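Could you build the full structure based on these sequences and the hints that come with them?
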Amino acid sequence: MLGLGKKDLRFLLIVLLLTLAAPILLNPFAEGSAMAQFNAGYPDLMQRIAIFAIFAVGFNILFGLTGYLSFGHAAFIGIGSYAMVWMLKLLTMNILPGLILATLMGGAFALLIGYVSLRRSGIYFSILTLAFAQMSFNMAYSVLTPITGGENGLGPALGDPRILDAAAANGTIPEVNLFGLSMRATYELDLAGRVFQFNAGYYVCGLLSVLMFYLALRLFRSPFGMMLRAIKCNQHRLNYTGLHSRPYMLSAFVISGMYAGLAGGLMAAMDPLAGADRMQWQASGEVVLMVILGGVGTMLGPVLGAGFIKYCENIFSKINDHVLHDWFSIFPKWLENLLVTVVHPFVGQGWHLTLGVLFMLVVIFLPGGLIEGGQRIGRLIRRKPDAKGKAPATTPAE
Amino acid sequence: MDALILQTLNGLDKGSAYALIALGLTLIFGTLGVVNFAHGTLFMIGAFCAVTLQRLLSLSEVTIDPTKKDFLGNALKVKTPYIEAWFGKDVGAAVVNWSVPLSILLAIPVMLVVGFVMERGLIKHFYKRPHADQILVTFGLAIVLQEVIKYYFGANPIPAPAPTDFAGSIDFGVWLGFPPNDIIYPYWRMVYFLFSLVVIGAVFAFLQFTTFGMVVRAGMADRETVGLLGINIDRRFTIMFGIAAVVAGTAGAMYTPINSPAFTMGMNFLVLSFVVVVVGGMGSLPGAVLSGFLLGILESYASMNWIKDVIPGIDQIIIYVIAIIVLLTRPRGLMGRKGVMED
Chain S
1 MLGLGKKDLR
11 FLLIVLLLTL
21 AAPILLNPFA
31 EGSAMAQFNA
41 GYPDLMQRIA
51 IFAIFAVGFN
61 ILFGLTGYLS
71 FGHAAFIGIG
81 SYAMVWMLKL
91 LTMNILPGLI
101 LATLMGGAFA
111 LLIGYVSLRR
121 SGIYFSILTL
131 AFAQMSFNMA
141 YSVLTPITGG
151 ENGLGPALGD
161 PRILDAAAAN
171 GTIPEVNLFG
181 LSMRATYELD
191 LAGRVFQFNA
201 GYYVCGLLSV
211 LMFYLALRLF
221 RSPFGMMLRA
231 IKCNQHRLNY
241 TGLHSRPYML
251 SAFVISGMYA
261 GLAGGLMAAM
271 DPLAGADRMQ
281 WQASGEVVLM
291 VILGGVGTML
301 GPVLGAGFIK
311 YCENIFSKIN
321 DHVLHDWFSI
331 FPKWLENLLV
341 TVVHPFVGQG
351 WHLTLGVLFM
361 LVVIFLPGGL
371 IEGGQRIGRL
381 IRRKPDAKGK
391 APATTPAE
Chain L
399 MDALILQTLN
409 GLDKGSAYAL
419 IALGLTLIFG
429 TLGVVNFAHG
439 TLFMIGAFCA
449 VTLQRLLSLS
459 EVTIDPTKKD
469 FLGNALKVKT
479 PYIEAWFGKD
489 VGAAVVNWSV
499 PLSILLAIPV
509 MLVVGFVMER
519 GLIKHFYKRP
529 HADQILVTFG
539 LAIVLQEVIK
549 YYFGANPIPA
559 PAPTDFAGSI
569 DFGVWLGFPP
579 NDIIYPYWRM
589 VYFLFSLVVI
599 GAVFAFLQFT
609 TFGMVVRAGM
619 ADRETVGLLG
629 INIDRRFTIM
639 FGIAAVVAGT
649 AGAMYTPINS
659 PAFTMGMNFL
669 VLSFVVVVVG
679 GMGSLPGAVL
689 SGFLLGILES
699 YASMNWIKDV
709 IPGIDQIIIY
719 VIAIIVLLTR
729 PRGLMGRKGV
739 MED
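Just so you know, the protein sequences line up as chains S and L, in that order.
Per the working numbering, the first sequence starts with residue 1, numbered consecutively.
Per the working numbering, the second sequence starts with residue 399, numbered consecutively.
To be clear, the hints were calculated from the coordinates, so they are not data collected in a lab.
In this text the structure is predicted, and so the values were computed from the model without any measurement.
By construction, the Cβ of each residue, glycine as well, lies at the ideal position given by its N, Cα and C atoms.
No false leads were slipped in.
Here are the simulated lysine-lysine pairs, DSBU-like style, with alpha carbons at most 35 angstroms apart:
#1 L:K487 to L:K467
#2 S:K89 to L:K706
#3 L:K522 to S:K232
Derived DEER-like restraints, expressed as beta-carbon distance ranges:
#4 L:N554 to S:I173: 34 to 42 angstroms
#5 S:S317 to L:G486: 43 to 51 angstroms
#6 L:R518 to S:G5: 44 to 52 angstroms
#7 L:P464 to S:N320: 41 to 49 angstroms
#8 L:T662 to S:L191: 43 to 51 angstroms
#9 L:Y525 to S:C233: 16 to 24 angstroms
#10 L:R518 to S:S317: 27 to 35 angstroms
#11 L:F576 to S:Y115: 45 to 53 angstroms
#12 S:T241 to L:D620: 27 to 35 angstroms
#13 L:Y525 to S:A192: 55 to 63 angstroms
#14 L:V596 to S:V116: 35 to 43 angstroms
#15 L:R453 to S:E31: 45 to 53 angstroms
#16 L:G552 to S:G242: 56 to 64 angstroms
Here it is in structure tokens:
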């Protein structure tokens, strides 16, 4: 069904169910309990996880399959965001035209940048994409201010034309919606001391990310996907067989650019303000971290990485000394103070330190990311001595 | 004409910083074959060596002077730096004043240690791994080092002034026959430029005229053969890594009066230095220096008003535009060698 094998279909259904049930699953701790701060079931965070999952899955199509490390993918996020906000300003507060335009713009710019950058490979390719992204960032910040809003960012304003919408009656900016369904609309369910929030915006992001995940799955299984893997394996040999590999790489680059454009569009749809800092190279670095942390070249890895980083970013940065003292209060006073001092640099403001350490550990010891870690643990439990040292040809997640 | 000279001078100091970082990057790449994304962080650590020394030198003992009153009517607290108490007022004040140049003395051992630890502890294990892995692990290391510095020194830039003898500006135009106040150039920038020339000259002389340098150059050309001759080439390369770290660190320490050090400065310079290295040609030391100065000066030309009127925003993107043009027309960079990073 849907052009997938039985195993893949089951896998996709599980992903779909998890996405639908996320508001419940991510809210396991009762309101007001000590663990409540670990709940992730609030719309803002879930939206961000879904959006970055789209971004990371798209990036993985380029990096995971062809092995070309782009350090400039954040440019497409920014372009998608600006396209979305302009649609909200000019056409309608309905997000659909904006999302389509954001995807197309991401693809168009990817075509342009990819056409030039893909002439070189290896580190030169990384530097070229980085140069293009930094160029876009600098221009969005300075010369293109009439289009991008410069430092202030770009957002819908009251005086915008919005030619498809009826004139606003009460003098406020209308809400971002999808055919009348407001993105802010949230149905709250109070059950067993937990408040589950079912947010329309999250479901738009979540279902779109499942759709994009499905498309990526198809792409991974297709002959085209095989071709991209062949490029990663040995591009020289591919060239010697008389194949011109650049069109394939360019298509992969454009597809991943479209994913990033869509992610940027969604970002602007959920929070209608687009700023140039989304295009900075740190943002490009972040998606690389996500994909590496989750597992390069696997299906589920980028999603896991995106969820993990965004979750930890939100949760870790909320932990302060007070919370730490609460946790360690079971120990004697001197040990409690010592533990708080040791842990303090890693939480709150220092979340990036944790991320950096974690990232280094993953690159050094676990080049396959969280997915490989999971597999190793799984093998350990099943005690299969034959799998020692030999990576499986396909990962179960694929 | 005077504007052109002024912008050339302005470009020189930034170009010096680019050239010094790019030189270190190329040294590491040429010897160890490792793409070091943490090199900008070494520059930043050097800058914070200057800050640390400044703070150490101005550690003060507080004494209460009952003869004077502060504005609240209490006895005035007088701060005397220990240095002044120990060595007398004049010497002490001079030492505090000269803390930035003196910080080179602190930066050299610190950077050597940092470089050795980094190479032996981490990068050694990445010789055989693909370039992508090297980029990623050093990128992670850069984040970690940057956050550590942020934790101890805070997120705000910390000013570290140059010695007062160099505080003013030189009226450079008068020397060339222009009217006074036409071309004004801060003393410290000139010091920085000369300093970078000395460092670059020292590195080249070291590689060219010493036996050690000769072995290193041989190792860069053919590592295996040098190893077969019974020379421990790995150890020499580690020392070269330390030297590259020292070059970056002292460059950072001396740069503090021009730009107050903040924890982000390393990464900002790194992105540009990588562009510089690639434009110069991976693995080519003269190329790195040349393109460092070239891009610094061109960037400064692009910020002239009449150029900005013709092409708005060119000053923001000139370096990247040049990088793209060079990479597409001369794929190996300006002075790249054949066979370096060709796959």
